[in-house]
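Model the full structure from these sequences, guided by the hints.
2 protein chains.
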Amino acid sequence: MNQVVEQERKSGEETGAVRAAMRVLGANARRAARALARADTAAKNLALARIAARIREASAELVAANARDLAHARESGRDAAFVDRLTLGAKSIEQMAAGLEQVALLPDPVGALSERNTRPSGIEVARMRVPIGVIGIIYESRPNVTADAAGLCIKSGNACILRGGSEAIHSNQAIARCVRDGLADAGLPEDAVQVVATPDRAAVGELITMPEFVDVIVPRGGKDLISRLMRESRIPMIKHLDGVCHVYIDDSADPEMALRIADNAKTQRYGTCNTMETLLVAEGVAPGLLPRIAATYRAKGVEMRGDEATRRLVADAKPATEEDYYTEWLAPVVSIRVVPGLDAAIEHIAKYGSQHTDAIITEDRARAARFLREVDSASVMVNASTRFADGFEFGLGAEIGISTDKLHARGPVGLEGLTSQKFIVIGHGEVRS
Amino acid sequence: MNQVVEQERKSGEETGAVRAAMRVLGANARRAARALARADTAAKNLALARIAARIREASAELVAANARDLAHARESGRDAAFVDRLTLGAKSIEQMAAGLEQVALLPDPVGALSERNTRPSGIEVARMRVPIGVIGIIYESRPNVTADAAGLCIKSGNACILRGGSEAIHSNQAIARCVRDGLADAGLPEDAVQVVATPDRAAVGELITMPEFVDVIVPRGGKDLISRLMRESRIPMIKHLDGVCHVYIDDSADPEMALRIADNAKTQRYGTCNTMETLLVAEGVAPGLLPRIAATYRAKGVEMRGDEATRRLVADAKPATEEDYYTEWLAPVVSIRVVPGLDAAIEHIAKYGSQHTDAIITEDRARAARFLREVDSASVMVNASTRFADGFEFGLGAEIGISTDKLHARGPVGLEGLTSQKFIVIGHGEVRS
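In order, the protein sequences belong to chains Y and S. Heads up, my numbering is the position in the first sequence plus 37, with the first residue counted as 1. Heads up, my numbering is the position in the second sequence plus 37, with the first residue counted as 1.
Hints were generated in silico from the structure; no laboratory data involved. Computed from a predicted structure; not experimentally measured. Among the clues, some could well be false.
Identical chains blur together in the list; that is why a pair holds if it fits in one copy or across any two.
Simulated pairs of lysine to any residue, SDA-like, Cα-Cα distance not exceeding 20 Å [stated by the list, open to error]:
(1) K337 / T309
(2) K355 / V370
(3) K337 / S470
(4) K337 / L296
(5) K337 / G308
(6) K388 / M247
(7) K260 / E249
(8) K388 / N65
(9) K388 / E249
(10) K337 / V468
(11) K388 / R75
(12) K128 / E98
(13) K388 / A72
(14) K388 / R60
(15) K128 / E94
(16) K388 / P248
(17) K388 / R67
Spelled out as structure tokens, the structure:
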């Protein structure tokens, strides 16, 4: 047998082994999902409390497991930001535990009835909120996602299969041990939460192509990960690809408010998906406002890229290319464009935006209403910073992610986004005629 | 050039031409969708009224176009049931027009606000219902779907691309003419409704793989069509594959009610997806009830296939195979099984069911509650015939289809299922700190 064939055979065997292992996880998850769907609120909340306790008790083990991952990351020459995301210290361990206790305090969405009505036939119809089933979650270096995602899935009655980054595998396994022990403490099936044990990348390929075992995939990670999953997944996803968010300053904007929001939306945090990437300014107010806004950006070291009208007002702005307006900077860089007014702003957002979060600053109620209605994004705002597009800020209590899709969940996704609604009918012997 | 190569080249060119044509439809639909999303309720209702008027006025042309399809169907040796489904007579033309007028009377879901709340930060958050965008609808021989589906999409503010069966192409084109004229009468873009003009099957392949132009596919047709689309579609679908519906008669059932529902659920119509296919009977009541139910089925010519316990009570029942319990008969055939009680019934439904519609007949409130909660189907019923699982019967006003999926829409899908919800935020200059 030549080498290539031997390699292929071996890789085929490995793929087969990964597939078999993933299908076992899948079948376990399906079984556990049925039990969890039936669990009452008290049992689920007890599990969350017990997991929090287990995490606090296992603090030393978690730090030790994390140390192995950190050592490997440093050996592999990972940068400081990467090591920082990967680190599990006393503070982040306490945050995981406290987060689980907060999820326990949220209302249980499962079983809630709505839209009850009695039909002319006599039957009573309502909708009952139910878990989705099995959630596959794929994430990168932050190990706290293991506890956070498990907590949201448990509370919403879903089983989950978690696939963290191979760089955090020891940390994730240690956290998973706490989660599974806590589930067992509460009399719930341990397999309600399973963490993929192999670092083999083929595991992801399997997870996203077994619709018989997994109902929805929630990818949490960078654009490369999500683009790959979008090409290959055979299972629906709750996801967003880009966060090219806009703030449009209308002619009628309150200037001080415009200044404050243009600053906050760009500079409060650079790396988040709800950070503004492009500032649109109505030409009527640009001469008065843009130089002042630019001064703020300049003072904070934000690079400005503008169209010609912007550059006439802001001498140190670089020329913006077409591509710049499509770009999610995730960095101290901002694209700027002066536009004739509301219509042009809406057109710009429709063309260059990513349907994530867009805001208008205006004192004109009619224009605010048009912006809210006509901008087709997951979150649309009037006179507020785009940075508010977040599950906690919106009052969902927690967030598994943000969706820019239109089917199922849109915008920040909390517990309700991890559920579905079935119809229930109470009859009294009615038949159709 | 040899013949095979020439054929391939030609077929490649044709595929290229179909692709180009479908992409033109897609781009048109995207443009029209933006205009329709902005249209107010009055304009959409006017369009529906004008389309109804145009259909009534064009009655003779519709019958003539349909005659061409009917002639072709007869020449191709299609059976009477097929010809019947394809026929567009005075009555079905009036039904199409009246159906559009009924959709005009339904409340407009677009723009509705819900879940308003003011957050500690000061921002007001709510959800606004918005159209999905572009809906692709793929259907088979009934030409009335062209008008029905167009009406629901227009009212919900969505553009649509309709792909009917090639056997109804002349009928569908004639109806499309009325729809587009009616849209123009109301000042709305004609391209909000486009009917694929080519009978080439490659058009379907294109429609389901252009996510940049189409947001959701609604397939209405048999299992073969839907299985194919499930394999090939790159776009989410609102669909159901099987309707293996169950009625479980509990120990505590009212016997007369059980008899009435077991009869109605099976025999009121054989070919519908919400028809019961398997009857489960608790062993305590089987001896008293099953022979009486069997007498009803026998009288109506329904073939019975049962397990051993059933056959001891119903001598002419054939032995049921494992496969029979997975089968959607869509015919005067019923699978029957005697089960120990509620738990076994729930297990049977979980294993053999298709998560469509399942009912329990019981006077025991606790068992009814368990069945409602634990049976994981789109519609779950107590003391009512499965035949009620229908958009009109549930009060949705109309129905584009039934979904057995759990994401987005579940059960009968009306106007609301063709919409999404975005978050809107009204601030007063708030920024994040």
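Each hint tested on the structure:
1. Taking identical chains as interchangeable, the C-alpha atoms of K337 and T309 lie at most 20 Å apart only when both belong to the same chain, with a minimum of 17 Å there against 66 Å between chains.
2. Taking identical chains as interchangeable, the C-alpha atoms of K355 and V370 lie at most 20 Å apart only when both belong to the same chain, with a minimum of 11 Å there against 75 Å between chains.
3. In this assembly of identical chains, K337 and S470 lie within 20 Å of each other by CA distance solely across copies; the values are 16 Å between and 73 Å within a copy.
4. Taking identical chains as interchangeable, the C-alpha atoms of K337 and L296 lie at most 20 Å apart only when both belong to the same chain, with a minimum of 14 Å there against 78 Å between chains.
5. For a Cα distance limit of 20 Å, the shortest separation of K337 from G308 inside one copy, 15 Å, qualifies, whereas the shortest one across copies, 69 Å, does not.
6. For the homomeric pair K388 and M247, the shortest alpha-carbon distance between copies (18 Å) is at most 20 Å, but the shortest distance inside one copy (35 Å) is not.
7. For a Cα distance limit of 20 Å, the shortest separation of K260 from E249 across copies, 18 Å, qualifies, whereas the shortest one inside one copy, 27 Å, does not.
8. Taking the closest pair of Cα atoms, K388 and N65 come within 20 Å of each other only across two copies (15 Å); inside a single copy the shortest separation is 45 Å, beyond that limit.
9. Within a single copy, K388 and E249 get their C-alpha atoms only as close as 38 Å, which misses the 20 Å cut-off; across copies the closest is 13 Å, which meets it.
10. For a Cα distance limit of 20 Å, the shortest separation of K337 from V468 across copies, 17 Å, qualifies, whereas the shortest one inside one copy, 71 Å, does not.
11. Taking identical chains as interchangeable, the C-alpha atoms of K388 and R75 lie at most 20 Å apart only when they sit on different chains, with a minimum of 17 Å there against 46 Å within one chain.
12. Only within a single protomer do K128 and E98 lie at most 20 Å apart by alpha-carbon distance; the minimum there is 15 Å, versus 75 Å between protomers.
13. In this assembly of identical chains, the alpha carbons of K388 and A72 lie at most 20 Å apart only when taken from different copies (15 Å versus 46 Å within one copy).
14. In this homomeric assembly, K388 and R60 come within 20 Å of each other (Cα to Cα) only across copies, at 18 Å, whereas the closest approach inside a single copy is 42 Å.
15. In this homomeric assembly, K128 and E94 come within 20 Å of each other (Cα to Cα) only inside a single copy, at 14 Å, whereas the closest approach across copies is 74 Å.
16. In this assembly of identical chains, K388 and P248 lie within 20 Å of each other by CA distance solely across copies; the values are 16 Å between and 34 Å within a copy.
17. Proximity of K388 to R67 under the C-alpha cut-off of 20 Å is restricted to the inter-copy arrangement: shortest distance 12 Å between copies versus 42 Å within a copy.
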